Amino acid sequence: MSAVTIQTSAYTQDATPQADGSYYVVERHTDTLGRVLQFGPYSLSPGMDPNAIMVARAQRLNADFANQYANEVQAAQGRTPWTHLDFRDQLGSTTEQAMDAFFAGFETNSGLTPAQKDLVRTGWRRFQEASFIDRPLRTEVLSLLGLLLSLGLITQAQIDAINAASAA
Amino acid sequence: MSLVFCSGTGSNTAPYNTWATAATTFAAAVTQASSAGDVIVVDAANPPAGAAASLVVTLTAGISIIASTNSGTATITPTSMGGSAWVGPNAGYGIQLNCSGKVYLYGITFKVSGTSATIYVNYNGSGHFEFDNCLIWNAATGGSSYIIFGQSNGGASYAQLKNSQLGFGSASTALRFAGQLDLVGGGIYSGGSIPSTLFNGQGGTALLTANGFDLSGMGTNTLVGNFTTSTATLRFTQCPLSSGLVILGSQSLGSKSAAKVYLSDCSVGSVQGLFGYYDALGSVVSDTGTYLTAGAAGQSWKVTTTAYCTFGTPFVTPWVDQWNSTLTAITPAMEILRTDSTSAYTNQDMWGEFTAKVTTGTTDSTFYSSRQALVDYLAGTAGAALAAGVGTGSWTGAGATPWSGKVDSGSSITPAYAGYLRARLAVAVPSATIYLNPQAA
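In the order they appear, the protein sequences are chains A and B.
No gaps in the numbering here: position 63 of the first sequence is 1089 in the working numbering, and each next residue is one more.
No gaps in the numbering here: position 314 of the second sequence is 318 in the working numbering, and each next residue is one more.
By construction, these hints were calculated from the structure, which means they are not laboratory data.
Please read all numbers here as calculations on a predicted model, not as lab measurements.
By construction, the Cβ of each residue, glycine as well, lies at the ideal position given by its N, Cα and C atoms.
A couple of the hints might just be wrong.
Sample of chain B residues facing chain A (criterion: CB under 10 angstroms; computed from the structure) [to be verified]:
#1 A95
#2 G98
#3 T201
#4 L249
#5 L252
#6 S271
#7 K306
#8 T308
#9 Y312
#10 S398
#11 T400
#12 S415
#13 T437
All chains should be modelled from the sequences, with the hints used to inform the complete structure.
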């Protein structure tokens, strides 16, 4: 599997100008899959260079294809991101409930300093805001597991198993 | 109706009913504005502070959010925040606006920034947002830092942006939408970047109308991108365009389940009254260089097909409505011209499609086509050459190797009523160009 790229690019410019002096241009870019990507007809003012516009568009298309390929490679390796529910399934119900209880009450936890509460609050909000959980786990998620470990809500063996599952 | 003041200089004392006691966070003001009719008044010059967290709010249905100068009194003076003040979180965090009903916003600037952040309006769907003189500005520089309207699962969503601006942080960003989005006036914020593709889909079915939305700064980029997960119709009326702007990018679905775009009276510069239609199978643009000399207002419809047309799924132009008062048998036809060859097209390559009311006592119309009979096509029979037209000499800008022809209704029509016949051209030839005089005679 390799990234799709633009193989050939060509444009046609009308021989006859429009009433305002502009010209219609059509670009056709053929990619390595044999697909023809057509852009236009678009109106071009006199003096503008359709070849330069076409070349710039081919570069953008190749950049888009490269991004798409990178995403496909990641998915093909089987590491599609976890949903939040997938992640919770890894914790087990005991740890999951204990974690929820901690985050529900940490603001009034006298054992935490204000600075610690700031870190916990923001870290937990960032985790909740994430649309999905990257695999392998981000440093931030590992820090969350480390917090649960320090609170005695999870064991190192559980963390190791979750890590292994995220990298599988 | 309660006024809820929101300012970076307030004392943050509930119920925030004066400038002095104004809420210092937008979220607190939103929570306080809990009844329909309540008005959140945001200090246009000293907005509420941001925070190191995404701004996710669910607005009470029926409230208004108005940016105002801070007079110190209860008098509200609506004043747009513009680009120098905004409501938004710290860099790297997003904004999500939700409402299950209707909300009106005037003069508010919502802004996110950093490397990656999203502004999402109607994430939970079913809201009706009216933005009036607002600026929605995603200044984040990452390629996925979108401005998004509507739900990805295609749930109910409506937003109107009136005299409002859209701001972007890089060329790689875009506005993605689902549901219905109306733009009246406004344009792209000049203090940001120009997206290489402005509009793209967010899933489901989408409809966008833009009236007087300024696109003249879009450069040689693309107005509507490749819609792969949603079916959309976008209509632009009286919008100034930029030279070299591609209206509809290549649609990889290769079918009309992607996006289609209509342009009405939009152009680069001062030419009035031009028309355009674009879908995955082809496009129609007004052509004032090549046209039937005695035809429709000094222009033709230039039809350009993509590689995706076939006999069964041709590109079809929008309908031409032609007034007819003849109630005896007629065989209406439309003149066409090709400029790349003197060879005639056949009725397998392209044909006319017409509708007319031929039955009294009903408004029902009957469909007519001059396409090659399906049985003949399936048998591999070559198409019949289309009839000759008025002649290449009757066209302006015909070029050196033209062919003049016409497409008709295939069989005679006896209209039952004076009224509009409808006609359109269907083209099955891929990657072809044909000029159509948009009149049925």
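Each hint tested on the structure:
With a least beta-carbon distance of about 13 angstroms to chain A, the hint placing A95(B) at the interface is violated under the 10 angstroms criterion. Taken as an interface hint, G98(B) checks out: its beta carbon lies about 7 angstroms from the nearest beta carbon of chain A, inside 10 angstroms. Among the interface hints, the one on T201(B) holds; its C-beta lies about 9 angstroms from the nearest C-beta in chain A, closer than the 10 angstroms criterion. This hint holds: L249(B) has a C-beta 6 angstroms from the nearest C-beta of chain A, less than the 10 angstroms allowed.
Evaluation of the L252(B) hint against chain A yields a held restraint, the C-beta minimum of about 8 angstroms falling below 10 angstroms. With 10 angstroms as the threshold, the beta carbon of S271(B) comes within range of chain A, its nearest partner Cβ sitting at about 7 angstroms, so the hint holds. About 7 angstroms separates the beta-carbon of K306(B) from the nearest beta-carbon of chain A, less than 10 angstroms, and the hint is met. Here the hint on T308(B) is kept, as its CB sits about 5 angstroms from the closest CB of chain A, short of 10 angstroms.
At a threshold of 10 angstroms, the smallest CB-CB gap from Y312(B) to chain A is about 9 angstroms, leaving the interface hint in force. The interface hint given for S398(B) is broken, as the beta carbon of that residue sits about 16 angstroms from the closest beta carbon of chain A, more than 10 angstroms. Against a cut-off of 10 angstroms between C-beta atoms, the interface hint on T400(B) holds, since the closest Cβ of chain A lies about 9 angstroms away. Checking S415(B) against chain A: minimum C-beta separation of about 34 angstroms lies over 10 angstroms; hint violated.
Proximity of T437(B) to chain A holds as hinted, the smallest CB-CB distance being about 8 angstroms (cut-off 10 angstroms).
Figure legend: structure checked against the earlier numbered hints; hints not met, in rising order: 1, 10 and 12.
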